[in-house]
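Residue numbers (this note's numbering), protein chains in the order written: chain A, 42 to 414; chain B, 9 to 314; chain C, -16 to 500.
It is possible that part of the hints are untrue.
Stated by the list, open to error - Computed list of lysine-lysine pairs in DSS-like fashion (alpha-carbon distance at most 27 Å, straight line):
1. Lys294(A) to Lys317(C)
2. Lys94(B) to Lys405(A)
3. Lys407(A) to Lys94(B)
4. Lys199(A) to Lys267(C)
5. Lys244(C) to Lys171(B)
6. Lys113(C) to Lys171(B)
7. Lys294(A) to Lys368(C)
8. Lys216(C) to Lys174(C)
Note that these hints are calculated values from the structure, not bench results.
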Amino acid sequence: MSLDTATAPIKRSNARQWGPFNIETRETPPQSWLFTLSMLSVLATLILTGVIFALYGQNPITAYVTLAQGTLGDLSSLGVVLQRAIPLMLIGVGLVVAFRAQFFNIGAEGQLLAGAVGASAVALFFPNFGFLEIPVMFIVAFICGAVWGFIPAILKLKLEINEVISTLMMNYIAISIVEWLVNGPWKGKNQVGYSYTDTFPDAAWIPKISSSTVHYPTLIVALALVALVAFVIARTRLGFRMRILGENPVAAKYVGINTLSTTLAVVMLSAGAAGIAGAGEVGAIHHKLLDPAQISLGYGYTAIIVAWLARGNPISVIFTAIFLGVVFAAGDVMKVSLQMPAQTTNVINGLLLFFLISTEPLVKLKISLARGT
Amino acid sequence: MDNIILSTAARALAFGTPLMLGSLGAVYAERAGVVNLGMEGMMILGALAGFAITKNTGSPLEGILIAALVGGLAASIHAFISITLKANQYVSGLALSMFGLGLSSLLGKPFEGLPLFTQLENVSIPGLSSIPGLGVFFTDQSPLSYFALVLGVVLWLVLFRSKLGVVIRSTGENPSAVDALGGNVTLVRYACVIFGGMLAGMAGAFLSVAYRPAWTEGLTGGIGWIALSIAIFAAWNPLGAIGGSLFFGALYSLSFSKLQESISPSLLKMMPFICVLLALSLNALRKNSRSNVPEALGLPYQRGQR
Amino acid sequence: MMQAMTQDTKPSITPLVSLEGITKIFPGVVANDDVSLEIRGGEVHALLGENGAGKTSLMNVLYGIYQPDGGAIRVAGNVVKIRSPQDAMRLGIGLVAQHPMLVRQHTVAENIALAVKTSFWNPTRHLEAKILALGEKYGLKVEPKAKVWQLSAGEQQRVEILKALIRGAKVLILDEPTSVLTPQEATDLFKVLNRMKLEGEGVIIITHKLDEVMAVSSRITVLRKGRVVGAMKTSSTNKNDLATLMVGREVPQVRSSGVTKLGEGVLKLEQVNVAGDRGVNVVKNLSLEIRGGEVLGVAGVAGNGQRELVEAITGLRGVSSGSVKIGGTDLTNKNAKTITDAGVAHIPEDRLHMGVVGSLSVAENLALRGFERTPFANGELLDFKAMENFALSSIKTYEVSTPGIHTRTRLLSGGNIQKLIFARELAENPKLIIASHPTYGLDAGATAQVQNVLLERARAGAGVMLVSEDLEEVLALSDRIAVMFAGEIMGVVPRDIATVEELGLMMAGQRQKQVNA
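Here chain A stands alone, though its shape is the one from the complex (with noise of 0.2 Å):
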């Protein structure tokens, strides 16, 4: 048997000068040049934000010195910002899962806003559970959020319908049973006025560490979830089948992988995440169930920046959930010291976005300095 000598064993290299750059494409890009792109991603945003504060007819400087302060100057601001990083964080990882299962999961506001649901429901009529009261809570809000996740994903499973579309159309649908569990039969009877449920027993109030508002047993679940899918990711039959349909949905069907089964799971582990970090929402920060942009004020969105940020890889969840919590915690300063929208946080993650996607391209470049000519 002849070895054949035409057939080389690698394709051949595709290095072009460009200026006093040698630029080539490569298949595994470093971790340290998509940190850089991350970075620079970061670093553009903040000036294009800046010229946004200054036509605002604020400082960009003194305005970032503010945000600055307000976020990471004292211990308890601090805390907001780990306060915020716990359901970005929640939501991130299932996202995480997600988008390497290819499901674009746009609905996890939704989902977080169904696992508020369920939690307050398991708090207001079934409060008689003692010490096993909050963890009954996170069970049923995985449940619901689960669930919620469930529909669009079996649309797109067994009818093809974009997930984009049908997890948005979810949002708003949950926004909209919020509203009406809120103005109608879940409207607390000592809440004249308002569009509250009764408040929680103590029992379904969420501990905090103390003087703060880091809800901790919340940020438990979501670092064992982290563990938790970075194991299974790397280590196990589960995660291996995951990274097959992921990359290659057609060699996955190949080799008999149950796509239905497997993106189930998937989807239902992402939005499950996310029905957790709605009952860390109503059971450690409102103790009640109320407008629902008062509880989620955009975390479900927010979150797929976190998971793009990680690029695929669920540790990396952790440090940019907090880095996202501080954007979150900033909205807040802005809105009391700046005296500006706290949506304008949006425009950061819609810039922020923008840029990352951009820099996609640039993923698998290899740029250095040309040597000689």
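With the hints as your guide, set chains B and C onto chain A.
Chains B and C alone, transformed into the frame defined by chain A:
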């Protein structure tokens, strides 16, 4: 009973106008092969621009034109990222929606709650308005509604009966074929995406200048997403988009009328979104529903790759 | 080289196009090295060479897709710069690509409207008559109102040729034009080319098939590794000489397995119907049996249900009625995993997109089939050590050349990816091997290796189903040949009595008994 049907039909046109404009824009962009999930963002930026300009100049027409420009400008960001940089179209559009919603609430803060004294007045079309039955569509409606109806027909003719239509559809089906014949895939896609953005901007301006002359944060409330969905189950046909928009217009008008007395407004608010899911599902169950999807939809075009 | 060619030139005629010393360098590879050739009016010029010999790259230079690094192009005697395909078309050069560049959802007339100047409204109005007239002139019959997706590959090719002619092409380049045609359709194509010749047009046909070079061309230029290794009149050469020139050494001869004692039936299909992507049955009432030790070739023009048949057998597509028995067990509509576990190997048609996961490592791809059980998995946990050991032994046995087992698979060349797939699929001694186009796009060496592996396995007792559009390959390897047309088997012929003519008629839809009658 007759009255309810007629008044629903009449208001369906009003509610349906932003959907018509938006979905027609989506039809053109997607026929050229570009998904633009930025619809909601372009719409709300158009709404703010339309309101702000009308407020300052007193001319609703100027407001609407500037809104179209702003919508087109916003779309060109998406065009640049998804066509020139060949980045993920879905994420880029989503980012545009986030950006638009954020920017509009930031810039729109001074306009919250202000009244608009010069709104776009409704008009009736002499002659047509006295046709029995159909007359309601031409009685006391916004000029933009008439514009949207006529535009839909024109856009259908262009898409299916003109050379330009052949080029646009070919670009969405097989850009390599267009490129190989010396057509400019990039130009066609840019033009269609920006055109779509302009229509989305006008749709927004309709909401803030004609339909309910006021600016509130987040006033589009998901209409952009519904317009996008209409383009899908209209099978990217401009006439279908008009029909679908009128259907959803009727749904909206029903949910804001009689029913409000018996059913909670929050529940009625979610009706259109549930209907979108139902319509998409029914559409998917139809035989051959996949055959109308432009084959290159959502795929960046790269020369030498098929 | 130039001298050899000018000898053939009638001095009075200026060539339509001449390439003079064209050199095209890609980083690390010289695709064309000082290549010269001329195309005159009224001739069919064959550009012959193996995959990777530089034929396509040379034509891309002529068609303006690549810019040459050296040399010149003359059109009608004048030196020209061709910067884009549009320049080429303006100069009267047309290209019929191997895969048609058509909009499938549109009609023939709409596709042609895209190519030419038309009125703004109703662009196809005057075109239809023109299409029919030109079709009449050259023998290119197509229905202008038909949608392209309804057309056969041969008809689509005619549309491409019409498109080029309507744009006024004087020189037509055809890239591997017969790869999708039945032998009879190919003959029809050659008639069209002859008409063009008579009209004074020049034709360049890019191919690696010796038969068609001999059948249709007037002159031949042979490329090997980017260089011209021979240029001659067709009348002054023969197939053997051309083959040696093209490959540069003896072509390895591969023969069928020669197994005479067949084993048990390994595959039995009974009245199988399979629906295609559009929901209609594209495999119709198909029955077939393969026994251990034999190679059954499945011939046919692409798109006649072969892909769907393979997918139905391998568990990738549902069977709407009928039964699929593997080794005596009914495995109708079981999933791919169950089928694999029953001892079926599948060498897929699209090796890059189906056969491997490009972003995973060589070792991971080799474990793609087996990662769910021991030794690669220990309960729910994966055993990477076992995967590595298997990878090391596999790349040795199958001579996969790769920098390492942790290299991402997409970095490997096509031939090495195919060897990797063979290593994985054949690891468990399957009793049935379904191989779809196993040598498509491979060079002579890798082709021979792949073919030999299939024959060795047949000799060792496995049943092999070889699906290929390459009739030469089917004839060389198979013990029996089944021909598919429109989802049905037109007949099964033992290799010893099969003729190209008979197979060709069956590929065009005639049943076997009609052929014999």
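Evaluation of the provided hints:
1. Proposed proximity of Lys294(A) and Lys317(C) is supported: the alpha carbons are some 13 Å apart, at most 27 Å.
2. Distance restraint check for Lys94(B) and Lys405(A): the Cα-Cα separation of roughly 14 Å lies within the 27 Å cut-off, and the hinted pair is therefore satisfied.
3. For a cut-off of 27 Å, the pair hint linking Lys407(A) to Lys94(B) stands: about 18 Å separates their Cα positions.
4. Between the alpha carbons of Lys199(A) and Lys267(C) the distance comes to roughly 26 Å, so the proposed pair stays at or under 27 Å and holds.
5. Under the criterion of a C-alpha separation no larger than 27 Å, the hint pairing Lys244(C) with Lys171(B) is inconsistent with the structure, at around 64 Å.
6. Using a Cα cut-off of 27 Å, the hinted pair Lys113(C) and Lys171(B) holds, with the two alpha carbons roughly 17 Å apart.
7. Restraint check: the Cα-Cα separation between Lys294(A) and Lys368(C) comes to about 26 Å, which is no more than 27 Å; the hinted pair holds.
8. With a C-alpha separation of about 20 Å, the suggested pairing of Lys216(C) with Lys174(C) holds against the 27 Å cut-off.
The structure fails to meet hint 5 from the earlier list, while all remaining hints are met.
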